[in-house]
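S.K.: Chain by chain, the residues:
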Amino acid sequence: MSLLDVNDLSVYFHTRDGVIKAVENVSFSVDQGETLAIVGESGSGKSVACYSLLGLIPMPPGKIESGTAMFENDDLLKASTDKLRAVRGDDICMVFQDPMTCLNPYMTIGKQLIEPLVYKRCYTKEKAKERVIELLQEVGIRNPASNFDAWPHEFSGGMRQRAMIAMALISEPKLLIADEPTTALDVTIQKQILELVVNLQKRRNIGVIFISHDLAVVRSLADQVVVMESGQIVERGTTEALFNAPQHPYTQKLLAAIPSGAKNVESRAEEKTLVEVTGLTTSFYDRSTHQPFKAVDSASFALKKGEILGLVGESGSGKSTLGRSILNLVQSESGSVKYRGQEISGLSAKQMRPYRKHMQMIFQDPYSSLNPRMTIFDTLAEPLKLQGLKSRTEIIDAVFEIMDDVGLKRSYVRKYPHEFSGGQRQRIAIGRAVATKPEFIVADEPVSALDVTIQKQILDLLLELVEKHDLSMLFISHDLAVVRAVCDRVLVMNAGRILEEGETEALWASPKDAYTKTLLSASHVLV
Amino acid sequence: MSQSLTLEKYEKGTSLWTDAWVRLKKNHLAITGLVFLIVLALLCLFAPLLTPYGYEEQNIALGASGPSLQHWLGTDTFGRDLLSRILYGGRVSLAVGLVATAVSLIIGVTYGAIAGYVGGRVDAVMMRFVDIVYALPFMIFVVLLMVVFGRNLILLFLAIGAVEWLTMARIVRGQVQTLRQQEFVEAAIAMGLSNWTIIRKHLIPNSLGPVIVYTTLTIPSVMLFEAFLSFLGLGIQPPQSSWGVLISYGVETMEEYPWLLIFPGLLLSITLFALNFLGDGLRDALDVRSSKD
Chain A
1 MSLLDVNDLS VYFHTRDGVI KAVENVSFSV DQGETLAIVG ESGSGKSVAC YSLLGLIPMP
61 PGKIESGTAM FENDDLLKAS TDKLRAVRGD DICMVFQDPM TCLNPYMTIG KQLIEPLVYK
121 RCYTKEKAKE RVIELLQEVG IRNPASNFDA WPHEFSGGMR QRAMIAMALI SEPKLLIADE
181 PTTALDVTIQ KQILELVVNL QKRRNIGVIF ISHDLAVVRS LADQVVVMES GQIVERGTTE
241 ALFNAPQHPY TQKLLAAIPS GAKNVESRAE EKTLVEVTGL TTSFYDRSTH QPFKAVDSAS
301 FALKKGEILG LVGESGSGKS TLGRSILNLV QSESGSVKYR GQEISGLSAK QMRPYRKHMQ
361 MIFQDPYSSL NPRMTIFDTL AEPLKLQGLK SRTEIIDAVF EIMDDVGLKR SYVRKYPHEF
421 SGGQRQRIAI GRAVATKPEF IVADEPVSAL DVTIQKQILD LLLELVEKHD LSMLFISHDL
481 AVVRAVCDRV LVMNAGRILE EGETEALWAS PKDAYTKTLL SASHVLV
Chain B
1 MSQSLTLEKY EKGTSLWTDA WVRLKKNHLA ITGLVFLIVL ALLCLFAPLL TPYGYEEQNI
61 ALGASGPSLQ HWLGTDTFGR DLLSRILYGG RVSLAVGLVA TAVSLIIGVT YGAIAGYVGG
121 RVDAVMMRFV DIVYALPFMI FVVLLMVVFG RNLILLFLAI GAVEWLTMAR IVRGQVQTLR
181 QQEFVEAAIA MGLSNWTIIR KHLIPNSLGP VIVYTTLTIP SVMLFEAFLS FLGLGIQPPQ
241 SSWGVLISYG VETMEEYPWL LIFPGLLLSI TLFALNFLGD GLRDALDVRS SKD
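In order, the protein sequences belong to chains A and B. So for the first sequence, the working numbering puts the first residue at 1; every next one is plus one. So for the second sequence, the working numbering puts the first residue at 1; every next one is plus one.
For reference, chain A alone in the conformation it holds in the complex (with noise of 0.2 Å):
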């Protein structure tokens, strides 16, 4: 008998706005010492159909229409509250996708990892906390210790993974539901976790159901593989047998939207230089120290015309600061960016005005990068107003033009934006962004807020344009997979600086920066 055994669920929400058939007829299992992956776009239900196993779902709105969860001789479906709550904090624990929001920020780790065992267990305190020092060094946390009386703060991302899974694991569970545990962190911090998940699995036999959108990192840890789409499993197998031969279309066509490989159009880079930095310094200052802080460290590289140059980095290398220092979104200290080589740095907002339509900007958040109050056409209108467009009809006209570019319907053009999906609205920032007809793009992190198969759209949309308007592109990315596919030279930054350069292929048949080589081996091993 499995170790979970779910049947047949169903789960409605029943909103304002009519009943949302979360998950409809899922059934799955996982047996000990078995790792389930649930994959799935988001919006599929895959986080919700475990949630509710858990009871951890709003209700209202939401409801368990059917189905039965046993889990050893118990319905999980039909347990009490009380018991429900016994079984979270004994035998399934899970971890989610965001580790800061779920460590208490005025508790020390120690004392927070702690509290179960003295409150449920009535371990003394002592014996609670060599107990929970075993465990942090079980989970990798170096100097367990010293370590113990650390605030979650003063803890890294990848750090805090980590102690969220010692907590996961403190009451022993038989089962542990990661939700996303590693969406949130840098790819290096990703290998490391994921390895560490597979090796306690190991060593203590337990199940495992890995929520996942990432096709890539499921392949490199589960046994089986369910694949949900808008609520319902599309297909099941074994991880061998779904990746290699993929059955349903749809998960043929989340396997043909990975990124991989070499891009295959060639490259427009000319001769001619459109963009050089030379030395280029962004500094912040701590609130309370008021000590500086070198976001970007004299940063020099030069982006030929039509030429799409790559800018990877791990969170937190200052590649996104340098993006707005060379668009003169956030002042720079020192250096210089010629752009035409006209100097634009340490320009004012008033002489930067005339140079704003040759370069924009294309933000990560389509949710946040676009004014919800303004209509698609208020908003591809405005910049083309602010070129001088004057009478009505050159204006729809040109927004016509615009939407047609970016394949969105004409039909959309008096819609607000919280009427669409991210993928359109990423396509109505992209298309403000080509409004001004601009020659030079920054591309802030496109596609990361998106999923596979609409980021294969965009990337496909972005490279379209660049050819059709003749652009030229600093594409920032935190994923090496997309920026192998779509850049023609790429630099790799951390800390600050730009550590290498070159061309893209070159670069990933050898790199030479002991960072590049970390962070190309931490994304191989998950493909």
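Errors might be hidden in some of the hints.
[As the list claims (entries may be wrong)] Heads up, simulated BS3-like pairs for lysine-lysine below, C-alpha to C-alpha not over 27 Å straight-line:
{"hint": "1", "chain 1": "A", "residue 1": "Lys63", "chain 2": "B", "residue 2": "Lys26"}
{"hint": "2", "chain 1": "A", "residue 1": "Lys409", "chain 2": "B", "residue 2": "Lys9"}
{"hint": "3", "chain 1": "B", "residue 1": "Lys12", "chain 2": "A", "residue 2": "Lys385"}
{"hint": "4", "chain 1": "B", "residue 1": "Lys201", "chain 2": "A", "residue 2": "Lys357"}
{"hint": "5", "chain 1": "B", "residue 1": "Lys201", "chain 2": "A", "residue 2": "Lys350"}
{"hint": "6", "chain 1": "A", "residue 1": "Lys390", "chain 2": "B", "residue 2": "Lys12"}
{"hint": "7", "chain 1": "A", "residue 1": "Lys390", "chain 2": "B", "residue 2": "Lys9"}
{"hint": "8", "chain 1": "A", "residue 1": "Lys390", "chain 2": "B", "residue 2": "Lys201"}
{"hint": "9", "chain 1": "B", "residue 1": "Lys9", "chain 2": "A", "residue 2": "Lys385"}
{"hint": "10", "chain 1": "B", "residue 1": "Lys12", "chain 2": "A", "residue 2": "Lys409"}
{"hint": "11", "chain 1": "B", "residue 1": "Lys201", "chain 2": "A", "residue 2": "Lys409"}
{"hint": "12", "chain 1": "A", "residue 1": "Lys437", "chain 2": "B", "residue 2": "Lys201"}
{"hint": "13", "chain 1": "A", "residue 1": "Lys174", "chain 2": "A", "residue 2": "Lys120"}
{"hint": "14", "chain 1": "A", "residue 1": "Lys21", "chain 2": "B", "residue 2": "Lys26"}
[Said to hold, decoys possible] To spell it out: a stretch of chain B is covered by chain A in this simulated footprint if at least three of its residues, at any positions, have a beta carbon under 8 Å from a beta carbon of chain A; those stretches are:
{"hint": "15", "stretch": "10-22"}
{"hint": "16", "stretch": "179-186"}
{"hint": "17", "stretch": "198-211"}
[As the list claims (entries may be wrong)] Pair by pair, the computed Cβ-Cβ distance ranges are:
{"hint": "18", "chain 1": "B", "residue 1": "Asn195", "chain 2": "A", "residue 2": "Thr393", "range": "23 to 33 Å"}
{"hint": "19", "chain 1": "A", "residue 1": "Gly316", "chain 2": "B", "residue 2": "Arg121", "range": "23 to 33 Å"}
{"hint": "20", "chain 1": "B", "residue 1": "Leu43", "chain 2": "A", "residue 2": "Ser66", "range": "51 to 61 Å"}
{"hint": "21", "chain 1": "B", "residue 1": "Ile132", "chain 2": "A", "residue 2": "Ala145", "range": "50 to 60 Å"}
{"hint": "22", "chain 1": "B", "residue 1": "Arg121", "chain 2": "A", "residue 2": "Arg121", "range": "50 to 60 Å"}
In case anyone wonders, no lab produced these hints; they're calculated from the structure. C-beta atoms are modelled at their ideal positions from N, C-alpha and C, and glycine is treated no differently.
Based on these hints, arrange chain B on the given structure of chain A.
M.R.: Below, chain B alone, put in the same frame as chain A:
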């Protein structure tokens, strides 16, 4: 060519405002409040056409009389019809509420938006000024204004407005500060829009939700304030009436002619209730967190 290039043939989207209105319509209490306020405002506005008696028309012979068929809400000691006086008084009270709030809205929203958008030292100086004015006992401030410039209606509007804008400025500043972090504002800067356009088109429309809610809650407090000032003898002077004047007069004669206090007091209370219900309903309707996303 222009035929094909009109937008009207395309389906209109639901703006966040339409969305909020749909939600507000489902809130019966708020809609009742809204309808009540509209009816009341119309009655007050058209008072001269509706009432058979003028607000200062005396009938000394009649004197104070209780509610009757001729005088639905009775008369005061001078034989003046109370209903007429309440409706005429309502014009002043509602006007004070609306105009003073509008004054506070204009000053507060502009001031707060500029402070929040510019930030840094400008923000610090602007907000310290707000703190200083906050610290002044505003009663004394208004009384002083009244004493120095004499009592008149316009000044009353301005004086109350000049006090009420402070909270508004703080609310808007906070809103704008959060909005400023949003990428659409950065996109507007990158586009090369002028600061003023960014404030006007991107920041203010998005910070209006809490402002509208606070406005509906400011109106009653302003009306109360006017009533209070008139009660003290600093606001509207007889024979002109406002609800505050009527209540103040009613208190003096409370023991002999209770209806002179009960009716104006009741109407003021109901109006304040209605405004609060509406404000509450608006808050629920405009709350983005409870909306679809």
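S.K.: Next pair to validate is A:Lys390 with B:Lys12; report whether the Cα-Cα distance is within 27 Å.
M.R.: holds (23 Å)
S.K.: Verify the proposed pairing of A:Lys390 with B:Lys9, using a straight-line Cα cut of 27 Å.
M.R.: holds (22 Å)
S.K.: For the pair we were handed, B:Lys201 and A:Lys409, check the Cα-Cα distance against 27 Å.
M.R.: Satisfied, since the Cα-Cα distance of roughly 25 Å is no more than 27 Å.
S.K.: When you check the alpha-carbon spacing of A:Lys437 and B:Lys201, does it fall within 27 Å?
M.R.: At roughly 22 Å apart (the allowed maximum being 27 Å), B:Lys201 and A:Lys437 satisfy the hint.
S.K.: Does the Cβ distance between B:Arg121 and A:Arg121 fall inside 50 to 60 Å?
M.R.: Given a distance of about 56 Å, which is inside 50 to 60 Å, the answer is holds.
S.K.: Between A:Gly316 and B:Arg121, does the beta-carbon spacing fit 23 to 33 Å?
M.R.: holds (29 Å)
S.K.: Holds or violated: B:Lys201 and A:Lys357, Cα atoms, limit 27 Å.
M.R.: holds (19 Å)
S.K.: Against the 27 Å threshold, does the CA-CA distance of A:Lys390 and B:Lys201 hold or violate the hint?
M.R.: holds (18 Å)
S.K.: For the pair supplied as a hint, A:Lys21 and B:Lys26, is the alpha-carbon distance within the 27 Å limit?
M.R.: holds (25 Å)
S.K.: In terms of beta carbon proximity below 8 Å, does the stretch 10-22 of chain B have 3 or more residues touching chain A?
M.R.: holds (count 8)
S.K.: Just to be careful, I want the Cα atoms of B:Lys201 and A:Lys350 compared with a cutoff of 27 Å; is the pair within it?
M.R.: holds (19 Å)
S.K.: Is 23 to 33 Å right for how far apart the beta carbons of B:Asn195 and A:Thr393 are?
M.R.: holds (30 Å)
In the structure shown, no violation is registered for any of the earlier numbered hints.
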